[in-house]
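The sequence shown runs 3 to 134 under the numbering used here.
None of the hints are false.
The following label-pair restraints were derived from C-beta to C-beta distances:
id, residue 1, residue 2, range
1, Ile32, Gly119, 34 to 40 Å
2, Leu104, Leu47, 23 to 29 Å
3, Lys33, Glu108, 23 to 29 Å
4, Asp41, Glu108, 21 to 27 Å
5, Ala37, Gly119, 34 to 40 Å
6, Gln116, Val60, 30 to 36 Å
7, Glu102, Tyr38, 16 to 22 Å
8, Arg115, Thr30, 36 to 42 Å
9, Tyr82, Lys44, 18 to 24 Å
10, Leu57, Arg115, 29 to 35 Å
11, Ala120, Thr30, 41 to 47 Å
12, His53, Asp97, 25 to 31 Å
13, Ala120, Lys33, 33 to 39 Å
14, Arg115, Glu35, 28 to 34 Å
Calculated directly from the structure, the hints in this document are not laboratory data.
Every value quoted in this text rests on a predicted model; they were computed, and no experiment measured them.
Each residue gets a CB set at the ideal place from its N, CA and C atoms; glycine is no exception.
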Amino acid sequence: MAKTLLRSGALTLLLAALVLGAAPARATSIKKEMAYAVDLGKKGLWHEAAHRFRLLLVRAPDHPRLWNDLAVAYEAVGRYDDAHQAYEKAVALMDSPPEEMLANQEAFEVFYRQWKGAEPPSATPATESESP
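Based on the sequences and whatever the hints tell you, model everything.
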């Protein structure tokens with residue numbers, strides 16, 4: 003009986019330690035998994051990178067860098083509508099997004115508007131019948 007109580011107490015302590023230590027471990031795990039997904043993208047494995055970012059967003063849905071990186075992956079595989087939404091979500095989650103993130107998103111938005119037909123591509127010369 004004493005051994006059972008001792009085991010039960012040890013098990014309770016072990017579970018408490020796991021629960022209390024889960025948040026920092028989870029943050030470290032997310033950082034490592036994020037770095038792995040970024041590396042996949044650098045190797046051109048954008049579909050796999052996007053998949054990994056989506057899985058990470060299930061665990062950390064308010065992580066702006068994950069949304070930004072997912073947008074980059076979507077952009078790379080031609081999922082432009084999804085990339086647009088992910089960029090918007092990334093910027094919306096931050097009070098003051100880093101300049102690099104804003105510049106990346108703004109460059110994509112120029113492309114996206116042209117792709118959607120909202121404005122003519124800059125490479126197309128204006129004709130005389132078009133007003134400036």
